[in-house]
Amino acid sequence: MNMVESGVNHLNSKTEDKPVERGPVPGSVRPTHGAPSLDSMKPKIEVNNLNFFYNKYHALKNINLRIPEKKVTAFIGPSGCGKSTLLRTFNKMYALYPEQRAEGEILMDGVNLLDTTKDISLLRARVGMVFQKPTPFPMSIYDNIAFGVKMFEQLSRSEMDDRVEWALTKAALWTEVKDKLQQSGYGLSGGQQQRLCIARGIAIRPEVLLLDEPCSALDPISTGRIEELIAELKSDYTVVIVTHNMQQAARCSDYTAYMYLGELIEFGDTEKIFIKPARKETEDYITGRFG
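Numbering (our numbering), first residue to last: -10 to 280.
Hints were generated in silico from the structure; no laboratory data involved. From a predicted model like this one, the values you see are computed outputs, not experimental measurements. Where a beta carbon is used, it is the ideal one built from N, C-alpha and C, also for glycine. The hints are all genuine.
20 Å max Cα-Cα, derived SDA-like pairs, lysine to any residue:
(1) LYS107 - PHE141
(2) LYS31 - LYS60
(3) LYS81 - THR105
(4) LYS59 - LEU218
(5) LYS122 - TYR83
(6) LYS139 - ARG194
(7) LYS167 - ASP132
(8) LYS81 - GLY137
Computed spacing ranges between beta-carbons, pair by pair:
(9) PRO209 - SER147: 37 to 43 Å
(10) ILE109 - GLU142: 16 to 22 Å
(11) ASN40 - LEU85: 17 to 23 Å
(12) MET30 - LEU144: 30 to 36 Å
(13) GLY69 - THR124: 20 to 26 Å
(14) ASP98 - PRO209: 35 to 41 Å
(15) GLY277 - HIS47: 24 to 30 Å
(16) TYR43 - ILE109: 17 to 23 Å
(17) GLU142 - LEU250: 40 to 46 Å
Take the sequences, apply the hints, and build the full model.
Written out as structure tokens, the structure reads:
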């Protein structure tokens, strides 16, 4: 069984045997298959003519993309293609580095996130992020969750207790840690630490959750738990995930974007992307003929 078969066998029977269609030029693509058109759905994030530079290096080239609300969108592509760079523009992580800059528009609910007059801390309260490796803070499990909340809200102790329990429950971690909330987050397993980071991210009640290869350092069992969690979170959040794992993208996402050399090659319904992609470049990548 090849990579695609193992990743998408649960999608296998719905697609008609049609010729591969050739899509529009890279950088300005829209879903063309069985999922509802993104133009007919409410976008949570809309990217228009986005270009990104690391000093003089042109890392993202004329990206146009509509990410629907309360769905899971996966970014796939070979290393260095720009998928993590694109993800990090959504909460302006690049603003920490003066040699990096973005041009164009990233609209969230109609507001341009690239507007330099906007408060970055308030933006990051709306757009949470979980990184490739678990990054618990050097403090107790309880304080890991409470830390960010205290920056934006003034809660009583009982209200904070409720928020901590709520976040840990949403991250499927509460039953495992409820009796050791005052212990260090460093004492948790890798998978538990990553779920702690997810709980920390959602504790401030963001609207969007960005996941940058959240399972790359985890064992298969922990990966499965994170994937189940992603499926549950999309009922409340718009989720965008970067992954090198084709099977994971097929299992977890509603929409998939394939990127190469800083360009958006194809974007559409995940089932169609993996079973009958519109572009040969996408087919070559997901079948392992190019990587």
